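Novice: This is what each chain is made of:
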Amino acid sequence: MVSKDSCRNEIRAAIRQLSDRCLYSAAKWAGEQLVGIEQDPSNFTPANTRFQRGSSSIRRRFSTNESISTPLPSVGFSQAATPLPEEDEAIDGDFYLLAKSYFDCREYRRASHVLRDQVSKKSVFLRYYALYLAGEKRKEEEMIELEGPLGKSDAINRELVSLERDLSALRRTGAIDSFGLYLYGVVLKEKGNESLARASLVESVNSYPWNWSAWSELQSLCTSIEVLNSLNLSNHWMKEFFLGNAYQELRMHTESLAKYEYLQGIFSFSNYIQAQTAKAQYSLREFDQVEIMFEELLRNDPYRVEDMDLYSNVLYAKEACAALSYLAHKVFLTDKYRPESCCIIGNYYSLKGQHEKAVMYFRRALKLNKKYLSAWTLMGHEYVEMKNTPAAIDAYRRAVDINPCDYRAWYGLGQAYEMMGMPFYALHYFRKSIFFLPNDSRLWIAMAKCYQTEQLYMLEEAIKCYKRAVNCTDTEGIALNQLAKLHQKLGRNEEAAFYFEKDLERMDAEGLEGPNMFEALVFLATHFKTHKKFEEAEVYCTRLLDYSGPEKEKAKSLLRGIRMAQTGFPSMDLEHFPI
Amino acid sequence: MAGLTRTAGAFAVTPHKISVCILLQIYAPSAQMSLPFPFSSVAQHNRLGLYLLSLTKSCDDIFEPKLEELINQLREVGEEMDAWLTDHLTNRFSALASPDDLLNFFNDMRGILGSLDSGVVQDDQIILDPNSNLGMFVRRCILAFNLLSFEGVCHLFSSIEDYCKEAHSSSAQFDASNNNLESLTQYDQMDMENYAMDKATEEIEFQKSASGIVPFHLHTPESLFKATEGLLHTRKETLRTSKKDTEATPVACASSSTLEDTLVDESLFLRTNLQIQGFLMEQADAIETHGSSSSFSSSSIESFLEQLQNLAPELHRVHFLRYLNKLHSDDYFAALDNLLRYFDYSAGTEGFDLVPPSTGCSMYGRYEIALLCLGMMHFRFGHPNLALEVLTEAVRVSQQLSNDTCLAYTLAAMSNLLSEMGIASTTCVLGSSYSPVTSTASSLSVQQRVYILLKESLRRADSLKLRRLVASNHLAMAKFELMHVQRPLLSFGPKASTHHKTCPVSVCKEIRLGAHLISDFSSESSTMTIDGSLSSAWLKDLQKPWGPPVISQDSGSRKSSTFFQFCDHLVSIPGSVAHLIGASYLLRATSWELFGSAPMARMNTLVYATLFGDSSSSSDAELAYLKLIQHLALYKGYKDAFAALKIAEEKFLTVSKSKILLLKLQLLHERALHCGNLQLAQRICNELGGLASTAMGVDMELKVEASLREARTLLAAKQYSQAANVAHSLFCTCHKFNLQIEKASVLLLLAEIHKKSGNAVLGLPYALASISFCQSFNLDLLKASATLTLAELWLGLGSDHAKRALDLLHGAFPMILGHGGLELRARAYISEANCYLSDPSFSDSDTVLDSLRQASDELQALEYHELAAEASYLMAMVYDKLGQLDEREEAASLFKMHIIALENPQDVEQNMA
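The listed protein sequences correspond, in order, to chains A and B.
Okay, so the first sequence: first residue is 716 according to the numbering used here, each after it adds one.
Okay, so the second sequence: first residue is 107 according to the numbering used here, each after it adds one.
Chain B on its own, in the form it takes in the complex (with noise of 0.2 Å):
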């Protein structure tokens, strides 16, 4: 409960304040004055003293409710008692009409509190205990006023007529402007629950659908004017000078040290320290969530954060807050003019949670941070060469100063440049930077250097006790273990080892010990969270009972569960744990994707979207949405594909780098090829190889993707030989980026392409290599088509082969039908049918027709024409076969239906539209 003992000696007198003691006045009036008890039961006076309880409580929110808010809420709580409240509120303020009416209304204060030592009480006096919550306030408030020179009082009073005239002004406009205040508060609301954690996806769009706007708080010009206007109301605050548990609050601790020097006793000031650096992580944290979801928003942070940077210029923090801002809305040179004038000014002591305290700002600053981020920053730009650069400096200073817990991050941040980057194995990676870590290592290739880098940070992690940093290398371990064959560091020639396979078992282990992590941290005592969040999460408490009425019926059913939501707050996950869990469900996902279970990966996808889909940062929520969306289109078809990248695309096609462009040009493309429109999916093609950067090594994925595709199109536009040229040169590109996996599935594509162009027997060595490259990373699912297409070729060899190909369609068989997608089992299907077919002896046709019956149907649902003409070819000749002529014409018109489909994919695609 840190924020309750928290908030001493920071505390400031605020209008807010005096409205919350005029209210404590009515609530336990003093014997002296002559104030009527206004309350007609026990229990109406219980709601009022409950509803103080928790306005004394939120006081150290950021934002202090206007006037006008605080009557709205004693209009909820005060039922039938609510005007002569309000009346009584006004009438106290306007009856403060000089700075000394001030003064005595503190003086009267001081009545209302029960003093412990008289112990002259009337029995039907309500005492405030000094000691409770609520006497603890008044006296603060209290002692906060008598501090305030007498120009601070001015300051007070003015702002008083300020408080009051705002209130007055948008009263008398309340009515006209009844919606617009209604949707303002709507603003505030959606603001709080964007951070609540058990928020379903769903609520998100109703609130979007019912004020048409992304919820967004900082978005609308009148709630940013709120925002700056309650950090204009200034006060005093002394910054407290006992040191706390350094562990729980790392920034307030990096803060005050530096702030300490340049405080002045008796200064006034915009807010808490505490307060404001709370609200700018919470910011911090919205901007990963929201990304550049809109445009609109991130303008508006970046405005709002140079008003506060305005106020309040010696406050470092914001220049970072506008850094990750424009980080995320892709303007490189404002994030890097920020990134270095914040750590010009802080010089990286500030805020900076991987900072131990403990040992304090060095003379020397932390800059090495400064390094580390910098480097971050030209990777997330793409600028790998810069970046590693960059890194390697970081770990030479941070070497130097002997941080090794800046050192572990720079590893880890390093080695996760080298494994995302595509660096060409030939090209001399830290030429000519002098790098103590990787020179040792200078003759290995890049993934071993990523290995000895991974483990180095690991190791100084797990010696340090980040659990953060540890818990995501373990997942970038098991990444590395998913992608890469594990081999001997040191070891070549004939003696080397020859176990070249990568370990499924090694890569579950690695993910379970990333997600390790949460049950650390709930054994972990101290909260992890900001104070400044946990004071407005009071706020958001208290917002729901009493909210408007618009509100509670949109989020209906979370009215009972405050107190849970209450609780969450108080054991909240911080968000970046959230994330890495989130992150670990991802990559199982991504792993059984691999493996080749379907049903597996998609639960993991499915568990992700709706446990972390809101914490996390928009490109993971959009990359679970895009397998799931991958899924539908393997399994069900087009149709229910293209409807839920709809809703997908209104999500997120607004943030930067979005890969849902892709995803729908992917789908797109595959529709294309198979509906046989290859003009569409030659230019779709060409979008495709143009959304990647021109820049060497960066954006592997989305190159080889294009070329792939490239082929593919070729292939079916019966190009053979170009195809194959295509392909030869993307394996080279694949070998020179040690892409492994994608090795393999380019194997399996110059087998199809050889298989096609009637060469079977050339087909047959790219077949078993892919097969073989297959096993050795463990990809089930790409082995049991790479098997598939063998047994296709055997076929093409001939009749005598059939019996093999047979052997091998039923050895993959059970892959195929348990996880492969509707195109892969229809062609297994088929290619059983004809196995079966080709041999004259056979007589077992309801088999036969069995199977292609469900190839038809499956293909029916992807619209792939040219298989499913060659289904119903085979269907029909069965019937021939069997003399069953009305059935054959029906497959034969079936199989007539396809071909003409097949040859004027123009009408098709007008009929779709």
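So here's chain A without its partners, still in its complex pose (with noise of 0.2 Å):
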């Protein structure tokens, strides 16, 4: 275990760091880390957090100096790999205090022109971010002056080519610093080269972890766990974080739950380290204790917008109008121009049974965000629920194609054309999805319905999934009645007998009662009264007899049949011959 304090010392230096290159998301990031430490009890003091938190620039390098140069107590498999944050200049140069101003004003081009002749490391670094943030700038601009009837143009940011060369000339001669391989690894990344970007990041966080956009990045070129696997990374805390992202992006929720749990002794009060569990355990479908974790989340930080989403998905989920509501109108006070704040709103109106005002919401989400995957996926979910298929299967297929792992578009997809009468063709979408989740009865009782459909009717295929769903614990039942009706309907009442008593076994421990109880009970009642185990019978019967209605009587002529076949076996026979 890492202890506390080399962490928060790291964390202090690393936001200094991190915010005079102007990477303003990292830090923030990292921010949120350091509070999230629990406070050192020593330290805790009004004027010490005070003074913590915001000292004058030069008392804070002396500090950071202090704490980077004392050997860092701590033990475990991170410390050895730790590596010394390189030292700043000692006084920054009038030119980058000019451009981290005009920066600041978010005015880059005139940036990275002040710094045009300046040496030092971090004006270097500043001047080819600004760069590349003024391409990135003007990129946007042009994708909206150059959009056409036939979607995206082809704005490119055009600072890409000579940033590249630059940077690769830097890292040629050595002179590149961790910030400037980040650097370098988004430009190759925006520019294709995958591999050399990854390689690029990963040299970028294992001489300087504290870069938590650096990390991302490398997430995101991470597209499966063998790629995840074969990067060679050093050892460090951050490293946790950021496997417990990965993780979670390549659906190994159990697996990031457990890196977040590590990581919370240490990060206690961690907001984002919340926020990832959540997100874990609603992929676990977790409900109730995902909305707990929310509601606490919100306590602690009333104005968050970043996961709200979610949120608002679970209360969807439970039906919880006024929540919803709530949380709706929160977040639209608070920025109403974030997607998450308009997909929030949407789920809202769908859960009112307002489509169109749905469709509206989640339309203006993708406005600000094109690949905002659930927001193409829930308007899909909108489509269907407005019988406008088409619309909805093209919204699938856009989710689908941002993200091709995303089962619930998949899934869509198949209900959408199942919808249409093309159960065949639906199958295909079902299979899909199932592929990226396998545990999940719900899609295999999904193609389990398209195989029963009259126009396919391969029963055959249905009972195998129905099959596969029973052994992923499938909650709602379905799969066990629907296992029991098919076999009885193939006329295999053996199998049949045995699903409706497991059947009857799981509502018994659920508690649950209905008519599929008083079918089970029925054919079991009749099943093992045709097979003479009048015993067995008998029980099922009087369990009948506790209902009132037509299974009642329907019991009791069983009943009697079965008094009069133990009692008297003639009469039995009588029935079958008739004389």
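In case anyone wonders, no lab produced these hints; they're calculated from the structure.
Fair warning: this is a prediction, and the values are worked out from it, not measured in the lab.
Just to be clear, a hint being listed does not mean it is correct.
Heads up, simulated DSSO-like pairs for lysine-lysine below, C-alpha to C-alpha not over 30 Å straight-line [as the list claims (entries may be wrong)]: (1) A:Lys854 <-> B:Lys271; (2) A:Lys1182 <-> A:Lys1248; (3) A:Lys852 <-> B:Lys271; (4) B:Lys271 <-> A:Lys904; (5) B:Lys271 <-> A:Lys906; (6) A:Lys1102 <-> A:Lys1072; (7) A:Lys854 <-> B:Lys172; (8) B:Lys909 <-> B:Lys987; (9) B:Lys172 <-> A:Lys906; (10) A:Lys1217 <-> A:Lys1204.
With the hints as a guide, bring both chains together as one complex.
Specialist: Here it is in structure tokens:
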């Protein structure tokens, strides 16, 4: 276990370095983790914390010098590999200061121009970074200017070429620092050279692990577990964060949860970890737990918008209208032009059954972020509700093309085609969705239903699917019932009885009642009666007697038959051989 | 002339258009401008005018020439004043230093247009009529420019910079890479010529040898780069809103309806939609024509499409093209993926001409077409059961949505599937699926079902006036009638009709009905060409007279025919129609082959190969070559056949599922059998069997062929019982899969086996059965050869039956001598001689000798040593009888030679090598 102190000191230094380089989102992330660490009880005085968080730059520099030069006292695997952050220049150049203020005012090109002749590493990085952002900004503008009816045009970041050239030259001469490597990785990634980008990013995080932006870029390049495992990362506690996130994206939720649990030991108050844990739990469909976590998260951080769309999904699933509307109102006031906010409002309208309005908000979310995966999928659901299947298919397909592993969208596609009476065509999509989530009974049941349709009527295949569903712990209990019925239909009474019994057990365990139960009881009673297992038959009949309705009458007549059969065999014979 | 009226609205200013405007300024300088009049003669002036006219007409093409190409063309046109023209052009461009200059430029352009009302015109001024072609062009350019927003002007300005920069950079290295440049233009030229319909095969080959690469435009990275560069010049366009004649441009309408909602005014856009659609159509044709004739081109098309997709993600047709491309390169998963993606995005409403646009895109989309395509894809990849399921679903959905057009196509596809795939009559075809069409006929055999499906499809297609479908259904019907005995549908038992015969007349009728399509199309006033391809046709014509000298050399013969070529484009037959008509010729050839007329079959194949060889799909063309080579082998011997095979191999071997390899194996096997090299024959047999897919019911033809040849090899090795076993099981397979024609030849083989094994009595019934099969299917040539076998069998029963055998032989002689191949003729001669010789009282030795000589000559060409030895032996006997000792010795030595060759096949092989 890494000591909290060392972490704290490392992060403090990192935040300063990151914000010196204008890597604001990484600095923000680091800051969140910093306050996520349990406060040092010895330092726990208001004055001290204030001192820690905002002192003059010179003091800060001295304090970090100390913290870094002192050997880190912690033990454990992460210790050995922790690299020492490079030292910044003692005094920032004037040009650097000017450039940084330009940068902060979002005048990127101006900032990079000011730094054109600077040689210090920090200035060089800032120059390239500002250039990159200037190119990005122009790209966004061009995208809108050039957008045609057939979608996006050839808008590209025009600085990429020169950036790549310069950065690779720097790298060759070895004059590149870890931030430069990060930028180089980003540029390479945009140019489509993924493997080189990975290499560069790995180098960057190995020499300077506190740059979360670099880790996230690296994560986005890890599209499979093989790629992830092939990375040569040195040990550091930041790696654990990375792995947790990467596992989550690769749908290895339990592994990811384990990582976060470990990290929670140090960063026990980190909102980030809590949100990530909630995400993983959500994928494992532990809705109640997730709701509690999000409630707590909102208490601590009431103006948080990130990840709140997930919370709204949970509320949607639990059909908590009021809570959802409260959440929607809150995020709306906080920042209405965030894709997450639009998505939450869309969810709210969807729950209210106002699908047109929901679609409008999902559309807005997509306008803000074209690659917003869940909005596409959710919009597909809305279109399905509105019976506009072509539009639904289009939306789902876009989701799938953004992320081919999105099993919800594949499932939605299958559903849409099934709705249109094309079950055979739909099967392919169901198969796809099952491929990505083989342990979900709902998917297996959907596929089985497809096989069961009157058009296909491939019952054997349906039975196979239901069996898989049962193996995946089908919570709704559809599979057992269907299996029993299908076997009954195919005349395999033994199998049918087996599954009816199992279904009955399940219903008993969950304390459920309903038509399924009557059906099971009636079948089992008659089945055992015909096989002359009167004791079992009687048990089921007496259970039926507890209920009113036609089943009771049926049970009575069955019982009568059983008594007759038990007491006077001749009467049975009489039935069989009419005189 | 849809190409001229269509362009309204779909117009964007590009650097190339500005070049044309500059040239126009030279052509018709305005009064205010102080340009010197550079033309030395009126003819020169007119020449420039003509050139400009063609430039303006071709401005809708998807590829715009680069500045340097334009300059090259100017060099050709301008003759002695080219330097001046080029200088002026480049100077004008370099004078454009800021967006304001562009504004001024277009203001000046206004001046060259004569105004309609102002009567003040100077005498020497050349006025552009604003309503003339050139005037319209100028006006449209001005209008398009005026509609540009400032951002648009800026983008235009920067693309002009690129346009000039490229020209500069390339002209700097022009001398160094002169060759390279020339070959580049050559590729362009080739690309275009690929689409010209009247192109002769030799020419392609000539060009191929000239450039050393398959003439396909997209295969060089450089030209690919150019193509995409062309696309990069994004311009604004407003989609025309006028609904046009729907019949003529179904694609356009289908796409405009899907695009209209996403269309933003003042939007900037790659090219006009129509251009891209037309271009993609051309590419689709190209993919089909070339198949995967070179894997290189397929991957380059793929990367090109990928780029296009990046540029225009809403252009869904790209996915379909990717599907086609993958289909032809046999990549099942990618093909499936792209097909599904295409239909998910477009809902089947974009770019399908089988959707009548008048019915519009219904709320529900047109997913039944997706099913149809998916079914055909599974069919192509050899998954008959999957295909059947999907097509059944397609039938159901199209019935549900009352899409009769799709239903007709689906039924046709289904019948095609059922007839092509060997589906065992014993298995329940549509077992799990419920099909309204076929359920009524559940008790019928597969053949009857095919017939019903075809009839149904034909009826629907007829009532919906789907000409192409009608034609292809007629062809399918002809095929069906050719192969199947017509039986009344629901008649069983003793009362069933006993008329068991195919009807050549109806086959002929169906083929003719199918080929009527072409007259239908020429009588139709609307051209079926896609607009995009028409506009690029202009440019092709443009390039011809002024093309670089390299090309005018090799296409010298056609230099004068530019005009006709252009006319061709206007009345051009759509590719699909040409395919169908070509297919009808191939079918004719096949039917004559079966009926047994070699010359007719050969003639039809030749017609196909010359007229349709280039426009057709590569697999069809391959089939035609195959037939011709087979003909050569049968009638001219192996030497010629192998020489021809070599040519065909170069052309087709890379085609997926190439049949050339099969043919090669067949020929090799045949020769090995004749030479007596049985080991080789056996090996080839095994290889042949390995070519077939292991799935049940797939590749039936190939499987039958393989076991037939195996039996023949065993027969040649004198392992009679094994050969008979193989043949028997083959007969069972044929029966199971209803392969009637093959049955006849298997029966003949069985007769042959018994004949060779000396059991003539056992062979007789087989021969007779074969003859009766041949009779009912009108297989005249096969019947003649069965008759020959029968005669041999009779002869084998003893000399008492020689007379009967001779009668049989003489009856079959006209057919055999008129149409039979070398081997058959030789065999007939020999058995005739045998018949004569078995009669001791026979004395007319000249007749015998004559036929024997004929036989041995023909066998020489075939290298058929066994029979040749027999002929020589007989000759020697006759000579001996006549007492001509010298001749006898000669024949005997021939005999010896053949026997030695037969015993040592390896030596012969080595000699051959």
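Novice: What hint numbers does the structure not satisfy?
Specialist: Going through the list in order, the structure violates no hint and respects every one.
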